[in-house]
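Chemist: Based on the hints, put chain R in the right spot on chain W.
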Amino acid sequence: NAGVTQTPKFRVLKTGQSMTLLCAQDMNHEYMYWYRQDPGMGLRLIHYSVGEGTTAKGEVPDGYNVSRLKKQNFLLGLESAAPSQTSVYFCASRPRRGVLTEAFFGQGTRLTVV
Amino acid sequence: SQQGEEDPQALSIQEGENATMNCSYKTSINNLQWYRQNSGRGLVHLILIRSNEREKHSGRLRVTLDTSKKSSSLLITASRAADTASYFCATDLNDMRFGAGTRLTVKP
Numbered sequence: 001n002a003g004v005t006q007t008p009k010f011r012v013l014k015t016g017q018s019m020t021l022l023c024a025q026d027m028n029h030e031y032m033y034w035y036r037q038d039p040g041m042g043l044r045l046i047h048y049s050v051g052e053g054t055t056a057k058g059e060v061p062d063g064y065n066v067s068r069l070k071k072q073n074f075l076l077g078l079e080s081a082a083p084s085q086t087s088v089y090f091c092a093s094r095p096r097r098g099v100l101t102e103a104f105f106g107q108g109t110r111l112t113v114v
Numbered sequence: 001s002q003q004g005e006e007d008p009q010a011l012s013i014q015e016g017e018n019a020t021m022n023c024s025y026k027t028s029i030n031n032l033q034w035y036r037q038n039s040g041r042g043l044v045h046l047i048l049i050r051s052n053e054r055e056k057h058s059g060r061l062r063v064t065l066d067t068s069k070k071s072s073s074l075l076i077t078a079s080r081a082a083d084t085a086s087y088f089c090a091t092d093l094n095d096m097r098f099g100a101g102t103r104l105t106v107k108p
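From first to last, the protein sequence lines are chains W and R. Per my numbering, residue 1 is the first one in the first sequence, and the count goes up by one each step. Per my numbering, residue 1 is the first one in the second sequence, and the count goes up by one each step.
Because the hints were derived from the structure by calculation, they are not lab data. Certain hints may be false.
Partner residues aside, some chain R positions facing chain W, computed with beta carbon under 8 Å [what the hints assert, rightly or not]: (1) Asn31; (2) Arg41; (3) Gly42; (4) His45; (5) Leu48; (6) Asp92; (7) Asn94; (8) Asp95; (9) Met96; (10) Arg97; (11) Phe98.
Keeping only pairs whose Cα atoms sit at most 27 Å apart, straight-line, the calculated DSS-like set for lysine-lysine is [as the list claims (entries may be wrong)]: (12) R:Lys56 / R:Lys26; (13) R:Lys70 / W:Lys57; (14) R:Lys69 / R:Lys56; (15) W:Lys57 / W:Lys71; (16) R:Lys26 / R:Lys70; (17) R:Lys26 / W:Lys57.
Sample of chain W residues lacking proximity to chain R, with all beta carbon distances greater than 12 Å (derived) [unchecked claim]: (18) Val4; (19) Pro8; (20) Gly16; (21) Ser18; (22) Met19; (23) Leu22; (24) Asn28; (25) His47; (26) Glu52; (27) Asn65; (28) Ser67; (29) Asn73; (30) Leu75; (31) Glu79; (32) Arg110.
This one's a predicted model, so the numbers in the text were calculated from it and none came from an experiment. For every residue, glycine included, the Cβ atom is placed at its ideal position computed from N, Cα and C.
Here chain W stands alone, though its shape is the one from the complex (with noise of 0.2 Å):
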């Protein structure tokens, strides 16, 4: 059971340049996040999304993009990085309101834009 699983774990990229950050869950959890971390503050939520094909903005969404096409999988895309987006990106996932609704990290995707 890998649990939550982000993809990739280290990026460098250019200001202007795209990419997209994978969080995979297998443990059929219908919530998943995105947070990013700056140094010595606390994780802030970017985007969440509540089941398979629906998302929702959190704190601080904007100069994000996300999709959940699949249950296992929440993507998130940065069209045109920043340096201000320089960050550790967090991802998680846990079961539905109502239930036990531990909530299960990955291990973070650490991303300098220059």
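Modeler: Only chain R this time, still in chain W's reference frame:
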């Protein structure tokens, strides 16, 4: 607005002492959860307390919940250097959000 706000922001104690961290939230909840993050790693779930519970124990962890005050506390007893980490609380709402966390340092 944050769903969970931890206090204090940083806490430094000696090994063997107890560490207490607090969390405040703003909305009604079904449960509240505490997570731990070792430096640069993903968060790991520690303990969940349901809204109809007032106190819960797990090993050296003790969590309390006061729904009337919308607050929770996490107590780590007999702390160890390995407890050094950041600790976060989160509510069970759809848009699961975290506060800035409490950075705990346990000195050997």
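Chemist: Checking each numbered hint in turn, tell me which of them this model violates, lowest number first.
Modeler: Numbers 18, 25, 32, in rising order.
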